[in-house]
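A.B. asks: From first to last, the protein sequence lines are chains H and Y.
Numbering-wise, the numbering used here puts 76 at position 76 of the first sequence, and it's gapless, one number per residue.
Numbering-wise, the numbering used here puts 11 at position 11 of the second sequence, and it's gapless, one number per residue.
Just so you know, these hints were derived from the structure itself, not from any lab.
Any given hint could turn out to be false.
[As the list claims (entries may be wrong)] Label-pair ranges, simulated between beta-carbon atoms:
hint, chain 1, residue 1, chain 2, residue 2, range
1, H, Met-100, Y, Pro-40, 43 to 49 Å
2, Y, Phe-95, H, Val-12, 25 to 31 Å
3, H, Val-68, Y, Gln-2, 28 to 34 Å
4, Y, Ile-18, H, Val-68, 30 to 36 Å
5, Y, Tyr-39, H, Met-100, 26 to 32 Å
6, Y, Gln-2, H, Met-100, 20 to 26 Å
7, H, Thr-13, Y, Gly-16, 44 to 50 Å
8, Y, Ala-70, H, Gln-80, 40 to 46 Å
9, Y, Ser-69, H, Ser-58, 43 to 49 Å
10, Y, Pro-112, H, Arg-81, 44 to 50 Å
11, H, Ala-55, Y, Met-29, 15 to 21 Å
12, H, Phe-66, Y, Pro-82, 40 to 46 Å
13, H, Gln-50, Y, Ser-74, 28 to 34 Å
Even for Gly, the Cβ is constructed at its ideal location relative to N, Cα and C.
Given next are the chains, with one letter for each unit.
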Amino acid sequence: GAGVSQTPSNKVTEKGKYVELRCDPISGHTALYWYRQSLGQGPEFLIYFQGTGAADDSGLPNDRFFAVRPEGSVSTLKIQRTERGDSAVYLCASSLTGGMGETQYFGPGTRLLVL
Amino acid sequence: DQQVKQNSPSLSVQEGRISILNCDYTNSMFDYFLWYKKYPAEGPTFLISISSIKDKNEDGRFTVFLNKSAKHLSLHIVPSQPGDSAVYFCAARDFGNEKLTFGTGTRLTIIP
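With the hints as constraints, model all of the structure from the sequences given.
C.D. replies: Structure representation (structure tokens):
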């Protein structure tokens with residue numbers, strides 16, 4: 001079966017622009033996570049969805065970052081007024097229900113470069 | 001504040017020998033630990049996990065050991081194979097919290 005997919009795989013934008021990053025989780029997975037991995041670092045949690053609702057958005061760095069999952073499947077991470085420090089690989093993961101002990105399956109990531 | 005630490009950025013091991021990757025944590029609320037493996041241009045892939053009620057979990061060539069008193073875990077790979085060359089991330093989660101906290105990773109290179 002298909003794994004987690006993310007589009008685009010690469011995105012280059014200019015400082016100040018708006019970007020949208022898309023995540024298609026594994027079919028049937030109700031839990032969806034966004035992480036960000038900067039160079040030389042491990043993935044850092046951004047936000048967790050259970051169904052359509054954001055159950056934990058404590059990792060979003062500021063109000064320029066927003067994510068939605070309107071139908072409980074595909075999710076979009078939106079970044080307004082991008083800054084050079086937003087350059088990173090944005091990873092999406094999904095798990096069946098989000099329960100303890102469940103594996104989070106990661107997509108290949110979107111590499112964002114802000115010039 | 002780095003709650004999960006992998007102090008060795010890189011490790012080289014001869015093929016067939018044992019690879020030992022280490023991880024330390026500071027948050028005593030963590031009760032579930034995972035190791036992920038990452039190849040270039042791919043997302044992290046789950047490898048093995050351990051609950052805090054155990055001190056060892058084994059899956060084929062991979063064994064994870066947990067020392068709660070020392071807040072330390074390690075991943076043993078034996079025998080090491082060339083396909084094991086990748087970056088390995090240690091991750092942890094605390095009870096009732098869905099997010100994973102990752103270490104900075106260790107790049108393992110298996111020398112043929």
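A.B. asks: With reference to the structure, classify each hint as holding or not holding.
C.D. replies: So, going through the hints one by one against the coordinates:
1. H/Met-100 - Y/Pro-40: 43 to 49 Å: violated, 31 Å
2. Y/Phe-95 - H/Val-12: 25 to 31 Å: This hint is violated: roughly 41 Å between Cβ atoms.
3. H/Val-68 - Y/Gln-2: 28 to 34 Å: holds, 30 Å
4. Y/Ile-18 - H/Val-68: 30 to 36 Å: Cβ of Y/Ile-18 to Cβ of H/Val-68: about 46 Å, so the range 30 to 36 Å is violated.
5. Y/Tyr-39 - H/Met-100: 26 to 32 Å: holds, 27 Å
6. Y/Gln-2 - H/Met-100: 20 to 26 Å: Holds, at about 23 Å.
7. H/Thr-13 - Y/Gly-16: 44 to 50 Å: Given about 47 Å between the Cβ atoms, the range holds.
8. Y/Ala-70 - H/Gln-80: 40 to 46 Å: At roughly 44 Å between Cβ atoms, H/Gln-80 and Y/Ala-70 fall inside 40 to 46 Å, so the hint holds.
9. Y/Ser-69 - H/Ser-58: 43 to 49 Å: Given about 29 Å between the Cβ atoms, the range is violated.
10. Y/Pro-112 - H/Arg-81: 44 to 50 Å: Because 49 Å falls inside the window, the suggested range holds.
11. H/Ala-55 - Y/Met-29: 15 to 21 Å: Given a distance of about 18 Å, which is inside 15 to 21 Å, the answer is holds.
12. H/Phe-66 - Y/Pro-82: 40 to 46 Å: holds, 43 Å
13. H/Gln-50 - Y/Ser-74: 28 to 34 Å: The hinted range 28 to 34 Å holds for H/Gln-50 and Y/Ser-74, with Cβ atoms some 33 Å apart.
Going down the numbered hints, you'll see the structure goes against 1, 2, 4, 9, while the others check out.
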